[in-house]
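Asks: Sequence:
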Amino acid sequence: DQSASTEEPDEKDLVIVSPVPDDSGIASQQDFDEIRTTVNKPIVPISPSVIEPSKQSAAVVTLLDSAQQYKQDGDLRSAQTSLQRAQRIAPRDPEVYYALANTHRDLEDYALAEQVALKGVSIVQGQPTQLQHFWTLIADIRSEAGNLSGAEKAKEMANRY
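When you line the sequence shown up against the numbering used here, it's residues 7 to 167, in that order.
Fair warning: there could be bad hints in the mix.
Unchecked claim - With a cut-off of at most 35 angstroms between alpha-carbon atoms, the simulated DSBU-like pairs for lysine-lysine come out as follows:
1. K77 / K161
2. K159 / K125
3. K61 / K77
4. K77 / K125
5. K159 / K77
6. K125 / K61
7. K161 / K125
8. K61 / K159
Hints listed in this document are in silico derivations from the structure and should not be mistaken for laboratory results.
Keep in mind it's a predicted model, so treat the numbers as computed, not measured.
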């Protein structure tokens, strides 16, 4: 409910708008004065600290389960495909990135495995346990790829968490 207020609104509450002319087609000074004294408050305050990450959708859970089964059966390409579909559905889900990076590693596509794992690192910023897991995976990927100095650097990063 918007109503004119006799109190001066805080500067942070002001919104600059242009009045819509009345039937005469002319906006009056009164229109401007009414707008200046009307404060619009948000219906529900939004605070990033209270927003919880979304839970995994049923489709993502199913795709992760399928990928795990494909891996156990030795069908790494099908596992990769399932995980890529899960990634499209949940592009910020660290579990998907971890599993996909691991699958690329199993396929010996080390460059892509590292790239996906590094994307996972960017997603889990501020989550020390997750960061440690991703950096350990990156160390393993680099080691298997023959990049021993890079593997050492990744181990050092993992040990920070």
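Asks: Compare the structure with each hint and give your call.
Replies: Results of checking the hints against the structure:
As the CA atoms of K77 and K161 are separated by approximately 26 angstroms, the hinted pair is consistent with the 35 angstroms bound. For the hint linking K159 to K125, the alpha-carbon distance of about 17 angstroms falls within 35 angstroms, and the restraint holds. Between K61 and K77 the CA atoms are separated by roughly 24 angstroms; this keeps the pair inside 35 angstroms, and the hint holds. Restraint check: the Cα-Cα separation between K77 and K125 comes to about 22 angstroms, which is no more than 35 angstroms; the hinted pair holds.
A hinted pair counts as satisfied when its Cα atoms are at most 35 angstroms apart, and K159 with K77 qualifies at roughly 29 angstroms. Under the criterion of a C-alpha separation no larger than 35 angstroms, the hint pairing K125 with K61 is consistent with the structure, at around 20 angstroms. With a C-alpha separation of about 17 angstroms, the suggested pairing of K161 with K125 holds against the 35 angstroms cut-off. For the given pair, K61 sits about 33 angstroms from K159 by alpha-carbon distance, which is consistent with the 35 angstroms threshold.
Against the hints set out earlier in the document, no violation occurs for any number.
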